[in-house]
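> Numbering (my numbering), first residue to last: 3 to 134.
Since the hints were derived computationally from the structure, they do not count as laboratory data. Check before you lean on any hint, since a few could be wrong.
[Unchecked claim] Taking lysine to any residue pairs in the SDA-like style, the calculated list, with each CA pair at most 25 Å apart, reads:
1. K79 / T47
2. K79 / V122
3. K79 / V91
4. K79 / D33
5. K79 / G55
6. K79 / D20
[As the list claims (entries may be wrong)] Okay, the calculated beta carbon distance ranges per label pair:
7. G58 / F129: 22 to 32 Å
8. R40 / V74: 30 to 40 Å
9. G58 / S80: 37 to 47 Å
10. R67 / R87: 21 to 31 Å
11. R40 / H126: 38 to 48 Å
12. Q123 / E100: 33 to 43 Å
13. E115 / G61: 45 to 55 Å
Glycine is no exception: its CB is placed at the ideal position from the N, C-alpha and C atoms.
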Amino acid sequence: GVAARVFRALADVDVNVDMIVQNTSDQGVTDISFTVPRDDVRASTAVIDGLMGELGATGVTHDERIARVSLVGAGMKSNPGVAARTFEVLAADDINIEMISTSAIRISCVVRESAVERAVQLLHTAFDLDVP
């Protein structure tokens with residue numbers, strides 16, 4: 003119910019949540035990470051701060067110096083290794099991936115904002131996307 007409570011509260015103040023990653027440790031501690039548009043950071047932080055006691059949360063952090071780069075295409079599901087290649091290309095240039103989200107047609111990676119332009123260039127080259 004924690005995720006339901008968090009994301010309902012965000013929806014109630016018109017915050018559009020994009021990527022969501024939830025992890026539960028062996029000790030039963032759950033971390034929820036999510037991205038929102040920059041314009042919604044203040045509102046989402048206020049909502050989460052207001053829920054901390056109710057949810058028994060021990061901490062909240064936010065980072066406005068991140069950006070998302072995505073590969074999108076229907077061919078993803080029929081081409082094994084696209085995710086591996088994506089991660090290899092970024093790793094080879096020391097671009098750290100801070101969050102990953104995938105679907106049948108999309109791979110999205112959250113990286114440092116300072117690295118996003120380079121990440122886009124590298125992925126365009128690696129997947130021949132800059133060829134007309």
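> Each hint should be assessed against the structure and marked as holding or not.
Evaluated hints:
no., hint, verdict
1, K79 / T47, "35 Å, violated"
2, K79 / V122, "21 Å, holds"
3, K79 / V91, "19 Å, holds"
4, K79 / D33, "28 Å, violated"
5, K79 / G55, "42 Å, violated"
6, K79 / D20, "21 Å, holds"
7, G58 / F129: 22 to 32 Å, "44 Å, violated"
8, R40 / V74: 30 to 40 Å, "21 Å, violated"
9, G58 / S80: 37 to 47 Å, "44 Å, holds"
10, R67 / R87: 21 to 31 Å, "26 Å, holds"
11, R40 / H126: 38 to 48 Å, "24 Å, violated"
12, Q123 / E100: 33 to 43 Å, "19 Å, violated"
13, E115 / G61: 45 to 55 Å, "23 Å, violated"
Checked against the numbered hints given earlier, the structure breaks hints 1, 4, 5, 7, 8, 11, 12, 13 and satisfies all the rest.
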